[in-house]
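Since the structure of chain A is provided, determine the placement of chain B on it from the hints.
There are 2 protein chains.
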Amino acid sequence: MSIVSARSAARRGDLLRLSSLFVRTLREDPADAEVASHRLLVRAGYIRRAAPGVYSWLPLGLRVLAKVEAVVREEMNAIGAQEVHFPALLPREPYEATGRWSEYGPNLFRLQDRKQADYLLAPTHEEMFTLLVKDLYSSYKDLPLTLFQIQTKYRDEARPRAGLIRGREFVMKDAYSFDIDDDGLAQAYERQRGAYQRIFDRLGLEYVIVSATSGAMGGSRSEEFLSPSPIGEDTFVRSADGYAANVEAVATPVPPAVPYDDAPAAHVEDTPDTPTIATLVDFANAHHARGDRPWTAADTLKNVVLAVTQPDGARELLVVGVPGDREVDVKRLEAALAPAEAEAATDADFAAHPELVKGYIGPGVLGPQGKQLLDPATGTTRSAVRYLLDPRVVAGTRWITGADAPGQHVFDLVAERDFTADGTIEAAEVRAGDLAPDGSGPLELARGIEIGHIFQLGRKYAESLGLNVLDPHGKQTTVTMGSYGIGVTRVLAALAEAHHDDKGLAWPAHVAPAHVHVVATGKGAEIFDQAAEIAEGLADRGVEVIYDDRPKVSPGVKFKDAELFGVPLLVVVGRGLADGVVEVRPRAGEAEQVAVADVVDVAATRVAELLA
Amino acid sequence: MSIVSARSAARRGDLLRLSSLFVRTLREDPADAEVASHRLLVRAGYIRRAAPGVYSWLPLGLRVLAKVEAVVREEMNAIGAQEVHFPALLPREPYEATGRWSEYGPNLFRLQDRKQADYLLAPTHEEMFTLLVKDLYSSYKDLPLTLFQIQTKYRDEARPRAGLIRGREFVMKDAYSFDIDDDGLAQAYERQRGAYQRIFDRLGLEYVIVSATSGAMGGSRSEEFLSPSPIGEDTFVRSADGYAANVEAVATPVPPAVPYDDAPAAHVEDTPDTPTIATLVDFANAHHARGDRPWTAADTLKNVVLAVTQPDGARELLVVGVPGDREVDVKRLEAALAPAEAEAATDADFAAHPELVKGYIGPGVLGPQGKQLLDPATGTTRSAVRYLLDPRVVAGTRWITGADAPGQHVFDLVAERDFTADGTIEAAEVRAGDLAPDGSGPLELARGIEIGHIFQLGRKYAESLGLNVLDPHGKQTTVTMGSYGIGVTRVLAALAEAHHDDKGLAWPAHVAPAHVHVVATGKGAEIFDQAAEIAEGLADRGVEVIYDDRPKVSPGVKFKDAELFGVPLLVVVGRGLADGVVEVRPRAGEAEQVAVADVVDVAATRVAELLA
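Chains as they are written, first to last, in my numbering: chain A, 4 to 615; chain B, 4 to 615.
Next comes chain A alone, as it looks inside the complex (with noise of 0.2 Å):
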């Protein structure tokens, strides 16, 4: 005798009764639901509102839910992850010690106790993973290690938007692999790797993995799985030939420098009312024609003033120098200078700064030619504001910009020959066409929303916070770290956006509340026993199913429930019953009339199959 046989004994599947199940749908959209996954999840009554960025899971929602964190649960017990958990909860001093509690500014719900000590509520639990790995173990030969937790996380997000996108608490899975050098961090890197494509997979979410930057996280090798979605905040790209990467890590292809020798001097022209590129370059053309073609923006060089606020409250001017048919993508920018935020520079910023003339600065008084300002409020002198180049703006490249003077701008001015930076940065907008880094052609831009995130942190945090280990010479060495995260809630809403339609959700057969949806449309006992009799019979055979037992709900709106549900198949007791046939239907397919007598077994097939 064995244990197993009492757990092998058939499962009954769950069956849910509309005439009891806590659920209401909606009409109407709710007002604040921009997207349709928050759109639908909303008004089918799978999640409500408790605050800006802050859901309650309603019955459906969290059968979907709890579907979404089995997979990944299992996927990642495959791989020899092993399963802990954090508190949400935390004292400030591990996030003290790694520079985090400051580098998340407001992004981080901060509290204090009864006793006025400073704790967090974790936005991520690097620092906690990283400690209680110290604390267990000491030796190589502890090594290789994987850690997971699927727990509830917060973020004081600016803006929360899009339902379960961006929320203030959400759900996630995070893993941490800790290992004694490169090698081991790259094949723990590949075993998550494969794990989340078999999890996206299995889930039935269209994926694109691309090359990311870390940002705030500090490490090296990085990708981002994103769900392709029009609604998605995250802008990636990718060439014919296979790169693929989030824009905020595109490297812009280095052009060769260009030699100078006999380039005409720089020269300084009166170039009145051309306060913007477009203006200038018509006035350029007008006045200053050049003989083998038209000036274009491209000529130009814009210098955008920007005020760049650090965590800790500290705000500075920066200006970004990029040519003129480009815009400054804030995002890049922003992942170029994390944890720093970036803002347009206000008036008051060009107030306190004159030397800054609005739509004629050059780089005249920036960066390394501007040291040494006179500021006129104190009488005492001040460096330059900090000058940072496009890449593109290679030694020897010339350009008409601005002549630090209403109305005036300097023509031929000659990278590295007439001015210099204080270094370059990725700020530059990406455009489709744009040539990738690695030469495999040009660039196709589209969006997605990110659903998972791995990247070699290696030593950042285990330096930070002392783990060390013997190496198997008996020498200390640190560890090398790797993070892997999906957002779990988020993955769900990713489905909903992927799997509806205009009528509702249409999820995947593994992720659905249920299998299959019951409904008894008519009045006569008959075909509300008929309709009971079918929906036990598949939950006899394991088949979880929503039975639409609602007396004296009319069919038309037990039609419309059935589709913002988005069970994946239908079952309708009716007239045909009269027939003796009952409909078997997909979700958004044809239907089959089907005997009564045989509607349990076509019904359990057709759902083994879209489960298989």
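Keep in mind that the hints were calculated from the coordinates and are not lab data. Careful, some of the hints might be misleading.
It does not matter which identical chain is used: a pair holds within one copy or between any two.
[As the list claims (entries may be wrong)] Listed next, the in silico SDA-like pairs over lysine to any residue satisfying Cα-Cα at most 25 Å (straight line): (1) K361 to D285; (2) K118 to R158; (3) K118 to R52; (4) K70 to D17; (5) K118 to L65.
This is chain B only, laid out in the frame that chain A set:
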């Protein structure tokens, strides 16, 4: 074909190898651990402290927790309760509407978001459940309804203690029933009560059901499930004939009034140096002996001065009069005064109330007797300190008590004739041998850990938050609610308290992190090969196995770890292998020698018996 066939495939049991399992046992008790569950759960590597009253869960601990949760969930589902999930981070408003934002006082974790909006970490979710039902439901036809969640809660305890028993972040199952009338509520209450009995029976946790006060929650019928344990924070009483109550809920049987027509007049006597009951009784017997029997402490009326603080911080004095042979039990007092808190009056309090002569306080200056005292500090009059009496101080009882002057007491002071109070209060300690209020005889006292609490909330929250439905006559009716909690993490600790010995934990099979612990002792590859084969064979049979495959760890250490972990069945592969036998031994029982070929069968059978 049905989908059951896919599901019922024999599930393999987990096999945890100690060479890679994320766990480290400690030989020393953690310094802050006062109780066995805390000590052993930390030492066995189940949990780790992250902050006071806040714990991280390691793989073994999480496995036990998941099993406890699963039993709770199954029994909730079985009685038709529907699972939902609320946020932990909640806005202030609903808790303001019910008054609990302030009533919770310093026990509530409060915080502000980046827009300075007030939030809390929910200690309990009555408000959210009530509002959600109000949001979705509107008719008596929607009822009855019971919802539940298994969720993380927060409580900023003044003194988090005993590990998981009183934490600040903890997991609870909370359920709420919604009914149109009292009869429906009574039925819902009984269903939960039955489910609780099944839950604790399945978990293998002894419990006593006792009558309870409702504390700060309001409402009527209320019972607690206590796991008897000397380290429990709750004291309960039992009579041989079936009365059982939390000591806070014990009502003192009120004796009949005593005729006092022929009682002597009260008379003040000099009683120098008698500030305590003991000195007073000695003096009375020495100088004012009574003929029939000696005076005892029970003849004196002790007036205890307390300071009562309301949740809003308002603080005022209260005097409680109890027979001199009893102490005031602060927990009983606070249960009677909830949500206010009480403490002993300070020297400053006495200084501000010169009429309260320490050691000689009597009813003469208290409550009704003492109205409109002159306050020497301000020269104005104020009301006397509020005065409440133990229910035993009925009309006609005669007392020796303070005369409100140093070294003086009054004798033959008769209740009702000579003094009254502002009311009665259940504040005197309950003692073994006291009579049960229902006439079922003398009480015995014991301690227990509160693992569950069920009570009929009634209409308090529905009224505060406007949860009405239309009744069958089309009239708006307030819904009546029940509230049903289980401390899931605390249940795990109570299980550890109930099932351990001085060597370690000893889990019931249903909640153990594994069913069998296989130990390979010795150095030969043959032993490890055989042990691995047994472990794999058991896992194939669906048995969950911990396999101690550590190559260079001594048998002594392995046995100590096995005893600490507390898995119910041990299989030892060692020297006996030379004779073809392996040892099979319960965690605390007799070993049997089993032929190698039979060991998987035998161990699987033992496990099946333990799980039966």
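To see whether the hints hold, each was checked on the structure:
no.	hint	result
1	K361 to D285	within (19 Å within a copy, 97 Å between copies)
2	K118 to R158	both (24 Å within a copy, 13 Å between copies)
3	K118 to R52	between (32 Å within a copy, 18 Å between copies)
4	K70 to D17	both (14 Å within a copy, 20 Å between copies)
5	K118 to L65	neither (36 Å within a copy, 30 Å between copies)
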